[in-house]
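Asks: Spelled out from the first residue to the last, the chains are:
Protein chains: 2
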Amino acid sequence: MSAVSALISHSAIVHLHNLLADDMQRVNQATLGHAQSKVGLVEKVAQHLLCSGGKRLRPLLTIACSHLFRDQPGYAVQLAAAVELIHSATLLHDDVIDESDLRRGQATANRLWGNVPSILVGDFLFSKAFQLMVEAENQKVLEVLSKASTRIAEGEVLQLELLGDLNLSLENYLEIVGAKTASLFAAACQVGGMIVDMPVWLEDDLYQFGYNLGIAFQITDDILDYGPGGEKLGKSVGNDFFEGKVTLPVLLMCQNPDFFPVWESWFDQPSRNEDDFKAAQNLLQGQNMLETCYEYTKPFTEKALHHLSKMPAGVMRDALNALISWI
Amino acid sequence: MSAVSALISHSAIVHLHNLLADDMQRVNQATLGHAQSKVGLVEKVAQHLLCSGGKRLRPLLTIACSHLFRDQPGYAVQLAAAVELIHSATLLHDDVIDESDLRRGQATANRLWGNVPSILVGDFLFSKAFQLMVEAENQKVLEVLSKASTRIAEGEVLQLELLGDLNLSLENYLEIVGAKTASLFAAACQVGGMIVDMPVWLEDDLYQFGYNLGIAFQITDDILDYGPGGEKLGKSVGNDFFEGKVTLPVLLMCQNPDFFPVWESWFDQPSRNEDDFKAAQNLLQGQNMLETCYEYTKPFTEKALHHLSKMPAGVMRDALNALISWI
Chain A
50 MSAVSALISH
60 SAIVHLHNLL
70 ADDMQRVNQA
80 TLGHAQSKVG
90 LVEKVAQHLL
100 CSGGKRLRPL
110 LTIACSHLFR
120 DQPGYAVQLA
130 AAVELIHSAT
140 LLHDDVIDES
150 DLRRGQATAN
160 RLWGNVPSIL
170 VGDFLFSKAF
180 QLMVEAENQK
190 VLEVLSKAST
200 RIAEGEVLQL
210 ELLGDLNLSL
220 ENYLEIVGAK
230 TASLFAAACQ
240 VGGMIVDMPV
250 WLEDDLYQFG
260 YNLGIAFQIT
270 DDILDYGPGG
280 EKLGKSVGND
290 FFEGKVTLPV
300 LLMCQNPDFF
310 PVWESWFDQP
320 SRNEDDFKAA
330 QNLLQGQNML
340 ETCYEYTKPF
350 TEKALHHLSK
360 MPAGVMRDAL
370 NALISWI
Chain B
50 MSAVSALISH
60 SAIVHLHNLL
70 ADDMQRVNQA
80 TLGHAQSKVG
90 LVEKVAQHLL
100 CSGGKRLRPL
110 LTIACSHLFR
120 DQPGYAVQLA
130 AAVELIHSAT
140 LLHDDVIDES
150 DLRRGQATAN
160 RLWGNVPSIL
170 VGDFLFSKAF
180 QLMVEAENQK
190 VLEVLSKAST
200 RIAEGEVLQL
210 ELLGDLNLSL
220 ENYLEIVGAK
230 TASLFAAACQ
240 VGGMIVDMPV
250 WLEDDLYQFG
260 YNLGIAFQIT
270 DDILDYGPGG
280 EKLGKSVGND
290 FFEGKVTLPV
300 LLMCQNPDFF
310 PVWESWFDQP
320 SRNEDDFKAA
330 QNLLQGQNML
340 ETCYEYTKPF
350 TEKALHHLSK
360 MPAGVMRDAL
370 NALISWI
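Respectively, the protein sequence lines represent chains A and B. According to the working numbering, the first sequence is numbered sequentially starting from 50. According to the working numbering, the second sequence is numbered sequentially starting from 50.
Hints may contain errors.
Subject to a maximum C-alpha distance of 30 Å in a straight line, what follows is the list of computed DSS-like cross-link-like pairs (lysine-lysine) [to be verified]:
{"#": "1", "chain 1": "B", "residue 1": "K93", "chain 2": "A", "residue 2": "K294"}
{"#": "2", "chain 1": "B", "residue 1": "K347", "chain 2": "A", "residue 2": "K196"}
{"#": "3", "chain 1": "A", "residue 1": "K189", "chain 2": "A", "residue 2": "K104"}
{"#": "4", "chain 1": "B", "residue 1": "K352", "chain 2": "A", "residue 2": "K196"}
{"#": "5", "chain 1": "B", "residue 1": "K327", "chain 2": "A", "residue 2": "K189"}
{"#": "6", "chain 1": "B", "residue 1": "K196", "chain 2": "A", "residue 2": "K87"}
{"#": "7", "chain 1": "A", "residue 1": "K196", "chain 2": "A", "residue 2": "K359"}
{"#": "8", "chain 1": "B", "residue 1": "K104", "chain 2": "B", "residue 2": "K294"}
{"#": "9", "chain 1": "A", "residue 1": "K196", "chain 2": "B", "residue 2": "K196"}
{"#": "10", "chain 1": "A", "residue 1": "K189", "chain 2": "A", "residue 2": "K352"}
{"#": "11", "chain 1": "A", "residue 1": "K104", "chain 2": "A", "residue 2": "K93"}
{"#": "12", "chain 1": "A", "residue 1": "K196", "chain 2": "B", "residue 2": "K93"}
{"#": "13", "chain 1": "B", "residue 1": "K196", "chain 2": "B", "residue 2": "K359"}
{"#": "14", "chain 1": "A", "residue 1": "K93", "chain 2": "B", "residue 2": "K294"}
{"#": "15", "chain 1": "A", "residue 1": "K347", "chain 2": "B", "residue 2": "K87"}
{"#": "16", "chain 1": "B", "residue 1": "K327", "chain 2": "B", "residue 2": "K294"}
{"#": "17", "chain 1": "A", "residue 1": "K196", "chain 2": "B", "residue 2": "K104"}
{"#": "18", "chain 1": "A", "residue 1": "K87", "chain 2": "B", "residue 2": "K347"}
{"#": "19", "chain 1": "A", "residue 1": "K352", "chain 2": "A", "residue 2": "K93"}
{"#": "20", "chain 1": "B", "residue 1": "K87", "chain 2": "A", "residue 2": "K87"}
{"#": "21", "chain 1": "B", "residue 1": "K294", "chain 2": "A", "residue 2": "K294"}
{"#": "22", "chain 1": "A", "residue 1": "K104", "chain 2": "A", "residue 2": "K87"}
{"#": "23", "chain 1": "A", "residue 1": "K359", "chain 2": "A", "residue 2": "K104"}
{"#": "24", "chain 1": "B", "residue 1": "K93", "chain 2": "A", "residue 2": "K87"}
{"#": "25", "chain 1": "A", "residue 1": "K352", "chain 2": "B", "residue 2": "K359"}
{"#": "26", "chain 1": "B", "residue 1": "K196", "chain 2": "A", "residue 2": "K93"}
{"#": "27", "chain 1": "B", "residue 1": "K196", "chain 2": "A", "residue 2": "K104"}
{"#": "28", "chain 1": "A", "residue 1": "K189", "chain 2": "B", "residue 2": "K352"}
{"#": "29", "chain 1": "B", "residue 1": "K189", "chain 2": "A", "residue 2": "K87"}
{"#": "30", "chain 1": "A", "residue 1": "K196", "chain 2": "A", "residue 2": "K104"}
{"#": "31", "chain 1": "B", "residue 1": "K87", "chain 2": "A", "residue 2": "K189"}
{"#": "32", "chain 1": "A", "residue 1": "K327", "chain 2": "A", "residue 2": "K104"}
{"#": "33", "chain 1": "B", "residue 1": "K352", "chain 2": "B", "residue 2": "K189"}
To be clear, the hints were calculated from the coordinates, so they are not data collected in a lab. Treat the numbers as computed from the prediction; the structure is a model and nothing was measured.
Modelling step: build the complete structure from the supplied sequences, incorporating the hints.
Replies: Structural data, given as structure tokens:
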């Protein structure tokens, strides 16, 4: 997938947002409503992040998956908000951990208010998400979402443990991506169906649809971080490189003994500069490595399509099909 | 209460631990078992904190409160473990926030492994606690514990917002203490009874017992931080002073215009040294301020006794009565 086609199929997410505009407005209200607090600083930090214009992809999946089975999403709206709150909590903590200054083109909460409020408000949002999903009074939904939260945290620690390890295996890379990203995609999809009483025999397919979509999404995100294409999509690029994260493009480059020492020279340093990043981009382009990486998303998008094909046919399934192509 | 009598009645908690030794061993196993992870670093950090010899006061309350109503604690064991995991998660984050080097006489996780693992493993323990309590399949228990978690986070942010404010009102102080400490004490007690089907009309009393006990506990803890007495109980002293936290002794001293400027001269500095702390201790002792502070615990211990008196009489109620005196 070229950067240009990425831009074109970006419309798939816009199409889904248009289809589900009313529900997503309610999701937004529920998300912001539950980020309210009588403690002023909690609200300032939370609103700053929640109003910074994220794609709301995960709650969108929850709502869309509920509509695969029912016209009315019911409590899926609240669950979608809970999913977004979990995601937001991890973003606040991630930005502290990565010492990020910018997110979605704006100053991060940790830059504006320091690390401490970001840690605490992350905890607050996570607790609020928990409170909100408890209100669903659905045991299976709680099990799915609580397990996903645990896996996210494990994935983040595994990523930290293996940070800068240029011998990272593809297996470990996929384990990190599966835990820190795909598990929430999977749970977001599955609970959307569960809360509207989807047929039990399709539950695992809906989970697998979300999981494989999540892996493909994260691989694409890791590719875009080395641009070109990322910048055009409004993403800042080079974050993974500057933070010394070994993602798929790096992992594959380092399997070639000719290139391993070059990356080693960069990743052995405590920090890397813009010239290093440009050199890394040139190296990846010279080897067509980003195209190679896109090939790695295919088994996952194919699996996502396969599991989605088991769901009831209709407008929503078509829109989710288009979303897979976007990713 | 003098430091000497504090030492004597410390035996109340030992007595409770002896009474509930078998259950508490199972709580310990459940706590450590749920802190296991295939990610090595998660387990190292979590075990370091959980094996550092905390008093396990909160899970002890959950078990004791279940025994007010039933001989067998049933799922209260798992809920007690969940309560300890929530508490441990907040300790990991607190130590990062306060830049603490020592906890329970040992190096903190953040000192040994850095801030990042502490933040992430805190998130992991919190998620695990959530997973564990979901397994209880008890809607009311989930509502109580999720609400307590939210209040803890709000209390921590409020404390941060008002950090170093020497004009802190008693009302705000009690709001902070109520949220960050007493809410978990209250929930720990209440869910212990709820999970063994206590009479519904006693639920609020059990909550109020825990809440007032928690306030009295935190006030006492704040007093001990200015010693003497704290050191003898194995606590390090001076933490609140060095971190610039306005606790009850400081708040009361600063209501006197003669002493306000002295504290201002200390708290206006970015940091304070050992000589400052000794001077502060002397000032507090000269005004009998620590004794005055102990007077402030009385309305709360009295309320705790009152609510406890509604519970079924027996060995367990007697032991909890003795615990109130200890605190």
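Asks: Look at each hint and say if it fits the structure.
Replies: Verification of the supplied hints:
A distance of roughly 22 Å separates the Cα atoms of K93/B and K294/A; the hinted pair therefore holds under the 30 Å criterion. Restraint check: the Cα-Cα separation between K347/B and K196/A comes to about 43 Å, which exceeds 30 Å; the hinted pair is violated. About 27 Å separates the Cα atoms of K189/A and K104/A, which keeps this hinted pair within 30 Å; it holds. Taking the CA atoms of K352/B and K196/A, the gap is near 39 Å; set against the 30 Å cutoff, the hint is violated.
As the CA atoms of K327/B and K189/A are separated by approximately 56 Å, the hinted pair breaks the 30 Å bound. A C-alpha spacing of about 15 Å is found between K196/B and K87/A, which places the hinted pair at or below 30 Å, so the restraint holds. Distance restraint check for K196/A and K359/A: the Cα-Cα separation of roughly 25 Å lies within the 30 Å cut-off, and the hinted pair is therefore satisfied. With a CA separation close to 24 Å, the supplied pair K104/B and K294/B stays within the 30 Å bound.
For the given pair, K196/A sits about 19 Å from K196/B by alpha-carbon distance, which is consistent with the 30 Å threshold. With a C-alpha separation of about 24 Å, the suggested pair K189/A and K352/A falls inside the 30 Å cut-off, and the hint holds. A distance of roughly 20 Å separates the Cα atoms of K104/A and K93/A; the hinted pair therefore holds under the 30 Å criterion. With a C-alpha separation of about 21 Å, the suggested pair K196/A and K93/B falls inside the 30 Å cut-off, and the hint holds.
Pair hint K196/B plus K359/B holds up; C-alpha atoms about 25 Å apart against a cutoff of 30 Å. Restraint check for K93/A and K294/B: satisfied, since their Cα atoms lie roughly 22 Å apart, inside the 30 Å limit. Taking the CA atoms of K347/A and K87/B, the gap is near 29 Å; set against the 30 Å cutoff, the hint holds. For the suggested pair K327/B and K294/B, the alpha carbons sit about 16 Å apart, so the restraint of at most 30 Å is met.
Between the alpha carbons of K196/A and K104/B the distance comes to roughly 29 Å, so the proposed pair stays at or under 30 Å and holds. This hinted pair checks out: K87/A and K347/B have alpha carbons roughly 29 Å apart, not beyond 30 Å. This hinted pair does not check out: K352/A and K93/A have alpha carbons roughly 41 Å apart, beyond 30 Å. Annotation: proposed proximity of K87/B to K87/A is violated, straight-line Cα distance about 39 Å (limit 30 Å).
With a C-alpha separation of about 38 Å, the suggested pairing of K294/B with K294/A is violated against the 30 Å cut-off. Our distance criterion of 30 Å between C-alpha atoms is met by K104/A and K87/A, whose separation comes to about 28 Å. Of the pairs offered as hints, the one joining K359/A and K104/A holds, with about 26 Å between alpha carbons and a cut-off of 30 Å not exceeded. For the hint pairing K93/B with K87/A, the CA-to-CA distance comes to about 37 Å; that exceeds 30 Å, so the pair is violated.
Between K352/A and K359/B the CA atoms are separated by roughly 60 Å; this puts the pair beyond 30 Å, and the hint is violated. For the suggested pair K196/B and K93/A, the alpha carbons sit about 21 Å apart, so the restraint of at most 30 Å is met. In summary, the hint linking K196/B to K104/A is supported, as the alpha carbons are separated by about 29 Å, within the 30 Å threshold. Between K189/A and K352/B the alpha-carbon distance is near 39 Å, which puts this suggested pair outside the 30 Å criterion.
Under the criterion of a C-alpha separation no larger than 30 Å, the hint pairing K189/B with K87/A is consistent with the structure, at around 24 Å. Between K196/A and K104/A the CA atoms are separated by roughly 24 Å; this keeps the pair inside 30 Å, and the hint holds. For the hint linking K87/B to K189/A, the alpha-carbon distance of about 24 Å falls within 30 Å, and the restraint holds. The straight-line distance between the Cα atoms of K327/A and K104/A is roughly 28 Å, inside the 30 Å bound, and the hint therefore holds.
For the hint pairing K352/B with K189/B, the CA-to-CA distance comes to about 24 Å; that is within 30 Å, so the pair holds.
Of the numbered hints listed earlier, those contradicted by the structure are 2, 4, 5, 19, 20, 21, 24, 25, 28.
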